[in-house]
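Heads up: the sequence shown is residues 1 to 329, going by this note's numbering.
If you're looking for bench data, these hints aren't it; they were derived computationally from the structure. Among the hints, erroneous ones may be present.
Simulated restraints, written as ranges between beta carbons of each label pair [stated by the list, open to error]:
(1) Arg-326 <-> Val-251: 24 to 32 angstroms
(2) Arg-252 <-> Arg-94: 50 to 58 angstroms
(3) Val-251 <-> Asp-153: 25 to 33 angstroms
(4) Glu-141 <-> Arg-286: 34 to 42 angstroms
(5) Asp-153 <-> Gln-99: 12 to 20 angstroms
(6) Thr-56 <-> Ala-237: 34 to 42 angstroms
(7) Pro-147 <-> Ser-45: 20 to 28 angstroms
Straight line, CA to CA, 25 angstroms or less: simulated SDA-like cross-link-like pairs of lysine to any residue [said to hold, decoys possible]:
(8) Lys-133 <-> Gly-89
(9) Lys-283 <-> Gln-261
(10) Lys-133 <-> Gly-30
(11) Lys-133 <-> Gln-60
(12) Lys-189 <-> Tyr-313
(13) Lys-189 <-> Ser-255
(14) Lys-283 <-> Ser-255
(15) Lys-133 <-> Cys-176
(16) Lys-133 <-> His-38
For each residue, glycine too, the CB sits at the ideal point set by N, CA and C.
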Amino acid sequence: MAGGFLAHSENVLKNHVLLSSSDLDEVRSGVAGVLNEHRLTPRASHLDARLYGAVTAGLQMCLLEYGGAVAVETAPSRDFLLVQSALRGEVSVRCREGQWSLRPGDTLIMPSNVSLELEWGTATTQLLIKIPKALLYEVYEHLTGRPVDDPIDFAREIPLDTAPAQGLRTLIEYFCSHLAAPGGPMGLKIAQQALVGHLLNSQVQGLRDRPAPDARRVLPRCVRRAQEFMESCVQDAVSLQDIANHAGVSVRTLSRAYQDQHGVSPMAALRAMRLQRIRDELKGGRADSVSEVAYRWGYPHLGRFAAAYRERYGESPNETLRRQARGQP
C-alpha cells in the first residue's frame, strides 16, 4: 500500500497536524497520547518527527514519520487493534507471535495483548489505523449475528496486489474523503464501519471460510443494510462497491439479492431515492431552480436528469416547480 496509491488520503491527513517536534520526550509523549504507550530510542543523532491524523469518535487514522531511524517498544494493546501500512521506508516488527518486515505497499494487522519491538528505518512514513475493540466487536457481531470469540484470529499480512489490499485502499480513501468534505458524523460512522467490516471479512479465517448461511435469512439482511446505507448517504457520491462493502457481501451477491427483493438494482434504487428527494424539494417550495437542486443532488447533466425525472413522474421538473409556484398539488 505504497504512498502513491494513497496520495489523496496522505494529503488529507497532512491537513491535521497533531505533532511536530525534535524533542525526544515530547515526541514520545505525543505519539503515546494518540496511539499507545511505548519506549522510544533514537538510532540517529536527530529526530524530526511529524504526526498527522484524524482522531474521531471511532477509529483513528494517522501518518507518522520520525525523520530518522528509531527503535520502538510498545506496551500490550488491550483496548484496540492497530493496522500499520508502509508508505515509504522500512519497518521491522517482532513479538512472541512472529516477526515481519514492512516495505512500501505492505500492511500488517498488529498482534494485540503482547509487547512489540519495532525498528523504523530512515525516511520512513507509516499509515496507522487504530480501531477500538468496542467498534471492532460491534461490527463483528453485526456481520455474524453472534458474540465475539476473543481474541479474533486475524491473518496478519495483507499483500499488496490482492483484492483485500485493493479494498482496504478504497475504504481508506473513502474515510478520508469524509474528512476532507465532512458530511456530518453519520458519514464518518458509515465509512469506519465499512473499513472495519472489510478487515473482518477479508482477514478473519472464520469469516472468510464459514459455510454460506441460509440465503432466506442472510440475503434480506444484506439488502436491509444496503438500503440503510443508501438512505443515509443518498446525496453522496457512492459506488456499487461502496454499498456492497457496507452490506458485507460481494457486489454480485448484493445485486442478485436486491433484484430478488425489490425488482431493481441497488444503483437504480439509489437513483430513485435521489429523484424522490428532488421531487420533494420541488413540491415543497425548498428549491429556487431546477438546476440548483439537480446539481446539489449529484446530477451535473440537466438533460439526462430531466429525462429520468419525466420517465418516473410523467412530467418535467420545471412543470413540478411551476405547479408548486401556482399553489397546485
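_Check the structure against each numbered hint from earlier and tell me which ones fail, lowest number first._
Numbers 1, 2, 6, 7, 8, 9, 12, 14 - these are the hints that the structure violates, sorted from lowest upward.
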